[in-house]
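Read off the chains here:
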Amino acid sequence: MASVEVLPVDGRPSEPDGFREFVEARSNALLRSGWLLTGDWPSAEDLVQTALAATWPRWATLSRQDAPELYVRKIMVNTFLRWRRRRWNGEIATGRLPELQAYGDAFAQIDARQALIAALDRLPPRQRAVVVLRYFADQTETQTAAAMGCSVGAVKAHASKALARLRDAPGLAELMTGGVAS
Amino acid sequence: MNTEERQLAEMLHRVTPEPPRQVTVEDVAYRLASEPRLGREPRPRRGFSWPGFLRGGHGWTPVLAALSVFVVAGASAGIATVATSQHSHAPAPGDGTPPSTASAPTTASPSSSAPSAPAGTSLRIANGMWGAGLINRQSFGQGSLTGGGDSLYAAGDGSLARIDPATGAILQTTPYSPPVFSRPVVVGNTVWVVWSYSGGDIVLRGYDARTLAQVASVPVPAIGGVAGQARGVLAAGPDGQLYVAAGDTVAAVDPAAGHVTHRTYLTADRASSVAVSPDGSKLYVGTAPSGSFQLLVYDLATGVQASSSRMPASGAGNLVATAGGVWGTTGTGMSEWAWFAPGGDLSSSFRVSQGTGAGLDSVPVYSGGAVWIGGSHELVCASPVTGRAMAHTPIPTDRGVLEYFGSVTVLSSGHAYALYRDQAAPLAGVASLTPPAACSGS
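Line order of the protein sequences matches chains C and L.
Each residue of the first sequence is one higher than the one before, starting from 1 at the first, in this note's numbering.
Each residue of the second sequence is one higher than the one before, starting from 183 at the first, in this note's numbering.
The shape of chain C in the complex, shown without the other chains (with noise of 0.2 angstroms):
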């Protein structure tokens, strides 16, 4: 049965002081996280929109203790925990994965791209949250540790095993060594 709801434009309650701005500044980092944590652009919106949301009410608290981002990292990565736990995950097809072209070939950053995504879809959920928290949002082991609610000891063998098995993904040592541009 189709519903209609409104969405309040006047009535909503006001923003919170400077949220507006952290969520320009940062809505480009945090998408590009959850990219790498979901491999494909509407999840990782629904990822970012889902943290943000549970942020919006709690923003004072956060803001003034400088940590709001860590707070919305640690939101996306349970999130993210649980879906893959939980949720169904249709995959969209994208064909085959190309063999890697030369480097300066047109399709170059493409395949790269897809290369990364199928690397890290190798990883167990844990691990891969571990890679894109330590060495793409450049969270420090215990930033990490408290954002997926796990000891610092439990992130390095996380970071120990996510590296052995990204080191025989297909691909994924020459884009590591090569210089595919962006």
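Since the hints were made in silico from the structure, they are not lab data.
Do not rely on the hints blindly, as some may be mistaken.
[To be verified] The calculated lysine to aspartate or glutamate pairs, modelled on EDC-like cross-linking and capped at a C-alpha distance of 16 angstroms, are: (1) K156/C to E187/L; (2) K156/C to D138/C; (3) K161/C to D121/C; (4) K161/C to E187/L; (5) K156/C to E141/C; (6) K161/C to E186/L; (7) K156/C to E186/L; (8) K161/C to E141/C.
Once you've looked at the hints, dock chain L against the given chain C.
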């Protein structure tokens, strides 16, 4: 970090693309309004606490309650209407929808028959846009739906399936995993697919349109090796002749004889996509020189190249030819969008879809006298002559999560069908559509 970790970090920053759009505060406000649970405190993980982070939301409940009053009341000035959540729960058995067990068995070989499901009513989806109703709940590969005679065909989950459009039931299946994105092509009583597409080896296979028993296997050597980013590599001319992008050439295959009859040799680059004009006079070939997409036009009667044009693009392909020109897509994955080049001239091409989030659902399909372009934002039927939209409808979201329509196929009965996917429900399958009369073609 050690050297390996630094290399990984550098590579992640270098390869991760820029998003097609940014998240805005308005997006977040909408999510809060439509899903108030997002504003509630998350349950702390076992054995972990984050002082401060998990507190501080206590004063928010009254605000959200007030927000919900606006949501329910919704009558005052300054309120925007947003249609959402057309199926906020998974339909329970017995609601008249075809049971999911009607899906195809995928282990049958070489082909098998599945019992016909009883005719059932379709499940209304996407707010009923263009009368959309789900007649089948089998998930198929994006862009793989095609039609012939009184049947639909689609590939997915390791098989090619014949689908009864009246009931949505899977009638036959045969094992098939597409090696490259290219819609099956129905010629006469045979469904042709690209069975193998790698290096110098291409194999086409033909299946009986009723039984899906294999009736032909045609090897087509790819001279120079197949293109790395080939998409839309198989097309049929009006005389039933098949054309395949085969490395440095386009191979013409006589389906009756089951072999290559002649080749068109390209002057440069490898063919990544191919299409034939409806009157059979022109062969359109896409190639991908570095940083651009090139469209070559050949006179099929003489084999002489008539023209070429190019556009800056990546990942272009999926050519479709109509009376007015050529259609195709550029970009890949979720940033894919469709263009139309009047007369096959890319210099005068223009964009005909919104893209962003469409993926392979945005691949144009010429069927029932119109060109159809799906995606996640809108469904369009366009004139095959002018390339202009004749009608379009927005595709709603399900609680903020995108829904997709694509691969629209019109059967000779005049009924239209599409592949549908809703990741929030979750729900996927074949949908019936009742497009407006404006889409009946020109």
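Hint-by-hint comparison with the structure:
1. K156/C to E187/L: 12 angstroms, holds
2. K156/C to D138/C: Measuring from Cα to Cα gives roughly 14 angstroms; hence the hint holds.
3. K161/C to D121/C: Measuring from Cα to Cα gives roughly 14 angstroms; hence the hint holds.
4. K161/C to E187/L: At roughly 12 angstroms apart (the allowed maximum being 16 angstroms), E187/L and K161/C satisfy the hint.
5. K156/C to E141/C: Given pair K156/C, E141/C holds - Cα atoms ~7 angstroms apart, limit 16 angstroms.
6. K161/C to E186/L: 13 angstroms, holds
7. K156/C to E186/L: 14 angstroms, holds
8. K161/C to E141/C: Distance ~15 angstroms between K161/C and E141/C Cα, so the pair holds.
Of the numbered hints given earlier, the model fails none.
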